[in-house]
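All chains should be modelled from the sequences, with the hints used to inform the complete structure.
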Amino acid sequence: MKITGIETRIVNAEMRNWVFVQEEMVGAVPWYFDVVRGPIRMVDGFWQVPDAPGLGVEVDEAECARHPFAPEVLHTQNAVLTTARS
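Position 38 of the sequence shown, counting from 1, maps to 38 under my numbering, and the rest follow consecutively.
Among the hints, a few may not be true.
[Claimed, not checked] Pair by pair, the computed Cβ-Cβ distance ranges are:
id	residue 1	residue 2	range
1	41	76	33 to 41 Å
2	75	48	22 to 30 Å
3	41	80	35 to 43 Å
4	45	66	31 to 39 Å
Read the hints as simulated data drawn from the structure, not as lab findings. Since the structure is predicted, the reported quantities are computational estimates derived from the model, not experimental observations. The beta-carbon is built from N, C-alpha and C at its ideal position, and this holds for glycine as well.
Here it is in structure tokens:
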């Protein structure tokens, strides 16, 4: 479960000249809203920073335990891997 997406939106919202596009993971798995509860909202194309303590959302740790981390395999056979500098 990537909670870092929530943290990244909060940091990005505070950077006045932030122009990098942030991908969105909300709903990437069917159980997302069982694990994360809170006001994750976009209004007029902008993420609203939650004003609750901490990350501003509740994380159900018992529900997290039902969905253990499973690393994804990066298939590189016949793939072109580059960096922004290439």
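Against the structure, the hints come out as follows:
no. : hint                   : in the structure
1   : 41 with 76: 33 to 41 Å : holds (37 Å)
2   : 75 with 48: 22 to 30 Å : violated (37 Å)
3   : 41 with 80: 35 to 43 Å : holds (37 Å)
4   : 45 with 66: 31 to 39 Å : holds (34 Å)
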